[in-house]
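*Asks:* Residue numbers (our numbering), protein chains in the order written: chain A, 1 to 131; chain B, 1001 to 1408.
Think of the hints as simulated: they come from the structure by calculation, not from any bench.
There's no promise every hint is true.
[Unchecked claim] Here are the simulated PhoX-like pairs of lysine-lysine, each with C-alpha atoms no more than 20 Å apart in a straight line:
| no. | chain 1 | residue 1 | chain 2 | residue 2 |
| --- | --- | --- | --- | --- |
| 1 | A | K14 | B | K1240 |
| 2 | A | K14 | B | K1402 |
| 3 | B | K1159 | B | K1110 |
[Unchecked claim] Some residues of chain B that are not near chain A, with every Cβ distance over 12 Å (derived):
| no. | residue |
| --- | --- |
| 4 | E1006 |
| 5 | R1050 |
| 6 | A1109 |
| 7 | D1115 |
| 8 | L1190 |
| 9 | A1194 |
| 10 | L1251 |
| 11 | G1322 |
| 12 | H1345 |
| 13 | D1348 |
| 14 | R1355 |
| 15 | E1392 |
| 16 | D1394 |
Each residue gets a CB set at the ideal place from its N, CA and C atoms; glycine is no exception.
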Amino acid sequence: MDDLYREIIIEHYKNPSHRGKLDPHDISFADNNPLCGDHIQIDLRVGTDGLITDARFDGHGCAISQASADLLIESIIGKPLEEVKKLNKESILEMLGIDLGPVRLKCALLSLKVLKAGVYGLGEASDDLVE
Amino acid sequence: MTLDVEQIRKDFPILERETRPGVRVTYLDSTATSQKPVQVIEAMNDYYRRSNANIHRGVHTLAEEATSMYEGAREKIAKFINAASSREVIYTRNTTESINLVAYAWARAKLKTGDLVILTEMEHHSNLVPWHMLQMERGIELDFIPVTEEGLLDLETYKSLLDRRPKLISFTHMSNVLGTVNPAAEIIRLGHDAGAVVLVDGAQSVPHLKVDVQALDADFYAFSAHKMCGPTGIGVLYGKSTLLESMPPFLGGGDMIKEVKLRSFRPNTLPHKFEAGTPAIAEAVGFGVAVDYLSAVGMERIAAHEHEIIEYALDRLEEIPGVKLFGPSADKKGGVAAFTLEGVHPHDVAQILDRDGIAVRAGHHCAQPLHEKFGIPATSRASFYLYNTMQEVDLLVNGIYKVKEMFG
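So that you can see chain A by itself, here it is in the shape it has in the complex (with noise of 0.2 Å):
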């Protein structure tokens, strides 16, 4: 439970490397979480060659959903289009590096969602997409 709260959690939060708006930008795309109002935007710009050249999250919400979505951004900077579909609940938590009850699961995995259904396409940031 301390582990929580760890020092890069806290970090991450506080000072995000990779808050903010891109424009223009390749694909972007929001949602929220329903349970307690986090909300997050991700944009992205994707070269000709399929890479992620940049990316950004805005948004608010908990310690764990703000620093998960700063660490699955940095994360994926450089990185092909293509391997994004392949993150799941266990690329996030291995990021954290801790492990999450069901309800804050749900803030760790917001950004993933919202990266996913913008990659896709989709209307919506739905639990399936990282099962």
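Using the hints, position chain B against chain A.
*Replies:* Just chain B, lined up with the frame of chain A:
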């Protein structure tokens, strides 16, 4: 006059629970659901051990016993809210279902396109969504009594809304976020003067205040057992018998009928007309005992105790730099303190408090539009009931200081 809280706490076994080794729970989330006294737990247990049978149909001893326990509880509840008759007390699953019952059975029969329903900006989702659904289906109009900065209903605007001759006013007696106790009698009287029917969402008021539906002159009054020391899965819709008689039934099935033919049926009399299928019998029994319990302690004393606690809690919370409180001053509200802490999301506040066993709610508390109104996505909420103490307020305040330290 004051409550013997230490004695009361002995009736609630869960308050002894340790949520982590050596950390006893500090339960400050009674607005979401209250804890249950051992009297309620044992009555339900006892019902299943001794008396369980289906009600109303059987003639054997167990069925008669179960029926009289189920109906006996209804009598107690009717008396508790001072209904003119227990025929006016309809068992439902909860407040939400009670409101939906009015939306389905009363409103769908009586409202047509363009008819106005007045709600308020402080409603929780269960008194918004049933009306949104009716708006989509039937084209009714919705308008809202605004909430002032202080967290009170703007009655002047309400009066001007009444010029539009609404058919229904539906409002919460006590806000589950701001804690505001609304002037229900006045709102009802004004609504009646304008010719409207008035439904009161009493989910937060019946557990904490002395409610007299006849003195209020409410047409419908909805509440849940689980917020008032009773079990989950059962609630009540009180309705004036003339109104209930005039309505078509809600759900169809056994128990709500007087007679069934292959191609037709005749509905049963009140209250059974609105209770289709085998109901929550053990829960009704538990509900009756919860009402006995609250009556024995005394609703006025409970309200006075909660007032003392909220007064102290607001004072202490206000002292904490970075804490912003929502809702009116202690004299205008019940035992609910919703707050934000600068720089820390309410979820994180709640999670860190939980390490010290302190249970508070974080989120929009099923009142998203109200949070939007105040320009915040979420709040943390501590709420108090008859078993809470001043020491627990101190634990909360110390806990919030710890949160600040962590995020400092």
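*Asks:* Does each hint hold? Answer for all of them.
*Replies:* Hint by hint, here is what the structure shows:
no.	hint	verdict
1	A/K14 <-> B/K1240	56 Å, violated
2	A/K14 <-> B/K1402	17 Å, holds
3	B/K1159 <-> B/K1110	23 Å, violated
4	E1006	30 Å, holds
5	R1050	37 Å, holds
6	A1109	32 Å, holds
7	D1115	30 Å, holds
8	L1190	33 Å, holds
9	A1194	35 Å, holds
10	L1251	28 Å, holds
11	G1322	14 Å, holds
12	H1345	4 Å, violated
13	D1348	5 Å, violated
14	R1355	6 Å, violated
15	E1392	21 Å, holds
16	D1394	23 Å, holds
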